[in-house]
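The residues making up each chain are set out below.
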Amino acid sequence: MIKHLLSINQLSREDVVRILDTAESFREVGTRVIKKVPALRGRTVVNLFYENSTRTRISFELAAKRLSADVINFSTSGSSVAKGESLKDTALTLQAMGADAIVIRHSSSGAPQTLSRWVGASVLNAGDGTHEHPTQALLDLFTVREHFPSFEGLRVAIVGDVRHSRVARSLTFAVAKMGGEVTLVGPPTLIPPEAQAWGAQISHHLDEVLPKLHVCYMLRVQRERQRQQFFPSVREYSRLYGLSRRRVEALAEEAVIMHPGPMNRGVEIASDVADLPRAVITDQVTNGIAVRMSLLYLMLGGDARREEDPRA
Amino acid sequence: MPSRTLFRGVQLVDPASGHDGLTNVLIEDEEVRAVGADVTATGKADVIDCSGLVMAPGLVDLHAHLREPGFEHKETVETGSRAAALGGYTAVCAMPNTDPVTDNAAVVMEVRTLADKAGLCEVFPAGAITRGLAGEALTDIGEMTEAGVRLFTDDHNCVQSSRVMRLALEYAKTFDAIICQHAQDGALSEGWQMHEGHYSALLGLAGAPAEAETVVVARDLALARLTGGRLHVTHVSAARSVELLAEGKRRGVRVTADVTPHHLTLVDQDLVTYDTCRKVNPPLRSDEDRDALRRGLADGTLDAVATDHAPHADEDKEQEFDQAPPGTIGLETALAVILTELVEPGLLALTDAIRRMSVEPAAILGLDQHGGPVAPGRPANLVVFDPAAEWAVGERPFASIGRNSAFMGRTVRGRILHTLLLGAFTVREGVATR
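Residue numbers (numbering that gives the first Met the number 0), protein chains in the order written: chain A, 0 to 311; chain B, 0 to 433.
Be careful, since some hints might not be right.
Unchecked claim - EDC-like, lysine to aspartate or glutamate: derived pairs with alpha carbons at most 16 angstroms apart:
#, chain 1, residue 1, chain 2, residue 2
1, B, K248, B, D315
2, A, K211, A, E253
3, A, K87, B, E314
4, B, K43, B, E27
5, B, K116, B, E77
6, B, K172, B, D139
7, A, K87, B, D274
8, A, K34, A, E50
9, A, K176, A, E27
10, A, K87, B, D313
11, A, K176, A, E23
12, A, K87, B, D315
13, B, K43, B, D28
14, A, K87, B, E317
15, A, K176, A, E151
Said to hold, decoys possible - Calculated Cβ distances over 12 angstroms to all of chain B for the following chain A residues:
#, residue
16, R12
17, V15
18, R26
19, K35
20, D69
21, V70
22, N72
23, K82
24, Q94
25, R154
26, P186
27, D206
28, V208
29, R244
30, I280
Just so you know, these hints were derived from the structure itself, not from any lab.
For each residue, glycine too, the CB sits at the ideal point set by N, CA and C.
Bound conformation, chain A alone (with noise of 0.2 angstroms):
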């Protein structure tokens, strides 16, 4: 198994089927009364976030100790990094202590992968900039599995802010590689012409795309984007690109709907709408433990040499 999770471009097929198959055992640890194994007792987890995060937090979190892994919560706020330590001297800290895993969440692309370079802990990646969150990516999977037996010839329509949606890249790179088609959907200025060398295929009308779906991912979009002009108000990008209920019609019977949260309800996708049976979003929540306590469990369990160690 990969040493660090940095991109899911790291990733062969099979680790992918490994990761998925692994996450499937570790589902059913999440529905028992006691909720816990003793995989990785006697390990140190690090969630390092330098961005603020909910899900992703709790998520890892929770998986580091359902997996008996001692779990540190290191957030900037309040930290040695509010008094402006680098992110070398935090990971260079970090090691001194003796971290197994540093889960990290940084708001510049690349930093998981520098700080990579500086320990000896694995990384992972819970998502850096406007580059890749490939446990989500993976988790998003997990899911689409659950409803779809195989990846091949899935048609998958990621709709959004794709420019800044570390999410969509590392979602495109992911369903491509397991044999799926991308679409991406959304106005030219939020689309980079080069996504399609990622493997997918580029539209600006979501109408068009919708009936030929599979899986309709709706991204969140910022507010903040309007500002910078990517479109003319938040009502235009509603009315070409939120899923309505009327939109909704025009899916697959089988088709579901996901979204990565935290949703903008009533803008990138209606209130009902997110409350549909078929949108799934509530179980990619769910799944997103399991399919970390498998990449955990895979990362860090396969040490026999400190499992050999008498003092262990």
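Using the hints, position chain B against chain A.
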């Protein structure tokens, strides 16, 4: 008793005189005394056997950041001069984005005094075009010209206002001063981290399109034509800019241009590891851009190679990619990179490499004492190098305070052995003499 040095059996590459072949060169005090196969040392002389070595006029850099005054933790005039000498340079044009900004004669004199004290390289401070590099009010170009400034630039702050640029080109004509532009449209490149293209999309880094440069090059060529002023476009990075410059030259616009060793050799793909030492301004562009720059340098559309030596402290560069300042050091690697990546594969003749790194930049700056010819009575500003010596960048410490080389770890060929500034060794056997 004069001091004499005889360089025996050296391959003299001197584009200004057209000389390219084995000869002996005798230096006496500050001057070249004699050049010729039959020249020998009369009386007491230091004789240096130069078999396998090349002698050329000392290199001249149009674009280096020496950081002093104000940023002495990144570089000083002394350390930058030492890096220059070790790179074979005898003259360097120092950029004005210091603190205080080099926008008046007092700072010019301070930099010149520091350079004289270091005594390793002639330093010609560039003056700012606008006060405080703010792009609004012109500096006292006349007074700074009297203080020895030959080139004016706001460098990383490209002059955005067409009106200010026009006035600068027009006003500077009185002094035949050069208005040097870092061509970059501010609005089109806002927030940029790298070249906009396949790799910026892949890496999730905000891109600056090549057009951010080319629209300004096109505008400035039009303004240079309108005013008859002297324009220099520095560190050209885009293929289309080369075409525009070629057209401008054909139409008689007074324009010259330079390109850096890193833009001639590296591309946007080289950023896939988020190496902040390869974050440079303007950004490394596509393969097609790099290839067009190479052709432009070979055919003379691009007149000179300039380093854009931009030293930073370790803590500046050891940061997240979007927080690290742009820039790579370059003075100590420029000649070796050009020899290895352009001359050796046959993309550029050795004599043309010397032309672009010494003769042309000296001519642009109007430096009579530099760029050759290497002939009797001429000031002995010279470099002697071993074109075959192989080394790895970073294997020995840099003289620059900055260690931020975009070429770190790369194997190159070509090692500077001796640099002479007015007949005195600033570098001897690869070691700085002071």
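A quick look at each hint next to the structure:
{"no.": "1", "hint": "B/K248 with B/D315", "verdict": "39 angstroms, violated"}
{"no.": "2", "hint": "A/K211 with A/E253", "verdict": "11 angstroms, holds"}
{"no.": "3", "hint": "A/K87 with B/E314", "verdict": "9 angstroms, holds"}
{"no.": "4", "hint": "B/K43 with B/E27", "verdict": "11 angstroms, holds"}
{"no.": "5", "hint": "B/K116 with B/E77", "verdict": "8 angstroms, holds"}
{"no.": "6", "hint": "B/K172 with B/D139", "verdict": "13 angstroms, holds"}
{"no.": "7", "hint": "A/K87 with B/D274", "verdict": "14 angstroms, holds"}
{"no.": "8", "hint": "A/K34 with A/E50", "verdict": "28 angstroms, violated"}
{"no.": "9", "hint": "A/K176 with A/E27", "verdict": "27 angstroms, violated"}
{"no.": "10", "hint": "A/K87 with B/D313", "verdict": "11 angstroms, holds"}
{"no.": "11", "hint": "A/K176 with A/E23", "verdict": "20 angstroms, violated"}
{"no.": "12", "hint": "A/K87 with B/D315", "verdict": "11 angstroms, holds"}
{"no.": "13", "hint": "B/K43 with B/D28", "verdict": "13 angstroms, holds"}
{"no.": "14", "hint": "A/K87 with B/E317", "verdict": "7 angstroms, holds"}
{"no.": "15", "hint": "A/K176 with A/E151", "verdict": "10 angstroms, holds"}
{"no.": "16", "hint": "R12", "verdict": "20 angstroms, holds"}
{"no.": "17", "hint": "V15", "verdict": "19 angstroms, holds"}
{"no.": "18", "hint": "R26", "verdict": "30 angstroms, holds"}
{"no.": "19", "hint": "K35", "verdict": "36 angstroms, holds"}
{"no.": "20", "hint": "D69", "verdict": "27 angstroms, holds"}
{"no.": "21", "hint": "V70", "verdict": "24 angstroms, holds"}
{"no.": "22", "hint": "N72", "verdict": "21 angstroms, holds"}
{"no.": "23", "hint": "K82", "verdict": "15 angstroms, holds"}
{"no.": "24", "hint": "Q94", "verdict": "15 angstroms, holds"}
{"no.": "25", "hint": "R154", "verdict": "22 angstroms, holds"}
{"no.": "26", "hint": "P186", "verdict": "16 angstroms, holds"}
{"no.": "27", "hint": "D206", "verdict": "26 angstroms, holds"}
{"no.": "28", "hint": "V208", "verdict": "21 angstroms, holds"}
{"no.": "29", "hint": "R244", "verdict": "33 angstroms, holds"}
{"no.": "30", "hint": "I280", "verdict": "24 angstroms, holds"}
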